[in-house]
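Peer 1: So the sequence lines, in the order shown, correspond to chains U and A.
Counting in my numbering, the final residue of the first sequence is number 344, and the numbers go up one at a time with none missing.
Counting in my numbering, the final residue of the second sequence is number 344, and the numbers go up one at a time with none missing.
It is worth saying that the hints were derived from the structure and are not from the lab.
One or more of the hints may lead you astray.
Any copy, or any two copies together, can satisfy a pair, since identical chains are not distinguished.
[What the hints assert, rightly or not] When the alpha-carbon atoms are kept at most 20 Å apart in a straight line, the in silico EDC-like pairs for lysine to aspartate or glutamate are as follows:
# : residue 1 : residue 2
1 : Lys279    : Glu246
2 : Lys181    : Glu310
3 : Lys197    : Asp208
From a predicted model like this one, the values you see are computed outputs, not experimental measurements.
Protein chains: 2
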Amino acid sequence: MAFIQQALTAVGLPDTDAAEVAGLMAAADLQGSDGHGVSRLPQYVRRIKAGGFNVRPNIHVVHEHASTAVLNGDNGMGHLVMKRAAEMAIEKARATGIGWVNSQFSNHAGPASLYATMPLAHDMIGLYFAVGNANHLPPWGGLDMLLSTNPIAAAIPAGDERPIVLDMATTVAAYGKVKTKALRGETMPQGWMIDRKGQPLTDPKRADEGMLLPLGGMEAGYKGYGLAMIIGLLAGTLGGAAMGREVIDFNHDDDSVTNTGQAIAAINIAAFGDVALFKRSVDALVRDFRNSERIPGVDRIWVPGERSHETRMKRTNGGIPVAPALLRALDQVADDLGISRLGD
Amino acid sequence: MAFIQQALTAVGLPDTDAAEVAGLMAAADLQGSDGHGVSRLPQYVRRIKAGGFNVRPNIHVVHEHASTAVLNGDNGMGHLVMKRAAEMAIEKARATGIGWVNSQFSNHAGPASLYATMPLAHDMIGLYFAVGNANHLPPWGGLDMLLSTNPIAAAIPAGDERPIVLDMATTVAAYGKVKTKALRGETMPQGWMIDRKGQPLTDPKRADEGMLLPLGGMEAGYKGYGLAMIIGLLAGTLGGAAMGREVIDFNHDDDSVTNTGQAIAAINIAAFGDVALFKRSVDALVRDFRNSERIPGVDRIWVPGERSHETRMKRTNGGIPVAPALLRALDQVADDLGISRLGD
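Okay, chain U solo, but in the shape it has when bound:
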């Protein structure tokens, strides 16, 4: 985290902003969201140097009502924008029962669950929707890449149990998983991608020739397509942010303003009834799920959020593994910026 902070400070972020972004990126790594943590640092640094992020943004409210707002991120780092958006949503939910805040001119903000979980400490439910930063999904039956893997996250407080935390892309597999398969020289399972003729594509090195399948796959992919579209409209279009062909592929473009949109909602459980009763109900539900009879061969039933929690516990004690290729990239960043290498 200190390393990330130093790198971001070196490229011009104010100290407090660098610390905030670094904290959220480290939290992503801790919970196992490896594609959204320090692995993004080389790209972020490259983008900042190219002028693609504003390091001194004037994040400001452009529309505000009792329960809603639109926050203009002034092309700052998405982490800063969405942390502010979450805080606003929580304050509004405290007053009116629910708060819903959209961003415009935001940027990639890391894993959706980082923000969906922020209301939990206030006995609130968190919902988060985002427009992804690269289109890999066509409409159902189509070939034009008009949609991203638009993720949805939801966090629900429990009592003695851990909160329920869902964080999912609306495609069968997130694009990061395809990249990982390619790096490892593995083939993908059928059902992740199809080629331009609609045939299964299993060689991740040919990913550029195909497209992701929406959640639901060949049988019911029109549902995942519908979800990706609705999430994009809620997170992007509603707040005046990019959606559809306006989305910039920030993996291949370091300097254009992305006008990324996200939306966060906080729902105040106290406005709907007794908080302790709600939490006991969630506990009972989690235990019923966990103790369900299992399909032969299944060792354990997982509730959304449990895997991330276990990873967080493990990594808090044992540290975060950094793959050799990533370490080399981070060393390069350190050398370029004249800061100490990670681990030095």
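Fit chain A to the known structure of chain U by using the hints.
Peer 2: Below, chain A without anything else, positioned relative to chain U:
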């Protein structure tokens, strides 16, 4: 519609309530939601006669804040409860930007899209979540039926284009589709259901021996499982309604109070920016999708809601087809209640 209204009046609903429910049931048939229209009448009548629905409910607010409310349906018909809930959500959204209303002690209310589309006329987005009225889905890897096909619906206004309307169960196939396959003597595609050993189940007559697969199927069904759970928590637990093992299978129980829960949100687009601009953006998006290059063999790209709209147009002119078996069941209802048969 007159027939449904007469039947409901005959079993004790006040005239205005009977008219309201009949109107919504007919709207379901018109848009092609055949499993949620007049085909439900025999079951509703049976349930009312058994005392399972309250025909003179005192629908009342139990919690209310500026942007949220919980509506107790007093075990009345769900259509009445959720129409009222939608009206409340719309009023709140007008004042604060967003309204979110949960029901408790509600009942089956027909297709989710009926209510999600109610905010459209007010230039608002509608979201609707429901706990289904029978559990056919276990947790991922499990065998205990703890979840229903909990649907989600979303409706987004457009300008010159038709609104985008998504209405989907969080399973690969809704249970009604399985029943239809059984009636027709057809087999199901692999991927709809599995048996208790985790093997594909394709004989719909053996549906009782198996379970539905959550959206995502074998590859990513943990995502559909997660969505079904979150929707159940938002629509059920949050409002003090049934969820998990509390859910009553109302196909096999005519008299227990179901304590069904639903949730509706209305989002006021004017609170987020210029409404005309939003609608133009939605129009442009719909056209980009529609005009996308297509996979060879695909005739047309559909936007969610277009099929229902086309069915509605066709049936408004050509009438609603009623299958012979359903017609016989409705004749039986008519004879039992001493009202004119449908078509007489």
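Peer 1: With identical chains treated as interchangeable, where does the CA-CA distance between lysine 181 and glutamate 310 reach 20 Å or less: within a copy, between copies, both, or neither?
Peer 2: Answer is neither; intra-copy 23 Å and inter-copy 42 Å both fail.
Peer 1: Could you place lysine 279 and glutamate 246 in one of the four classes (within, between, both, neither) given a Cα distance threshold of 20 Å?
Peer 2: between (42 Å within a copy, 16 Å between copies)
Peer 1: For lysine 197 vs aspartate 208, is the C-alpha pair at or below 20 Å within one copy, between two copies, both, or neither?
Peer 2: For lysine 197 and aspartate 208, only the intra-copy Cα distance (14 Å) is at most 20 Å; the inter-copy one is 38 Å.
This entry does not satisfy hint 2, going by the numbered hints stated previously; all others are met.
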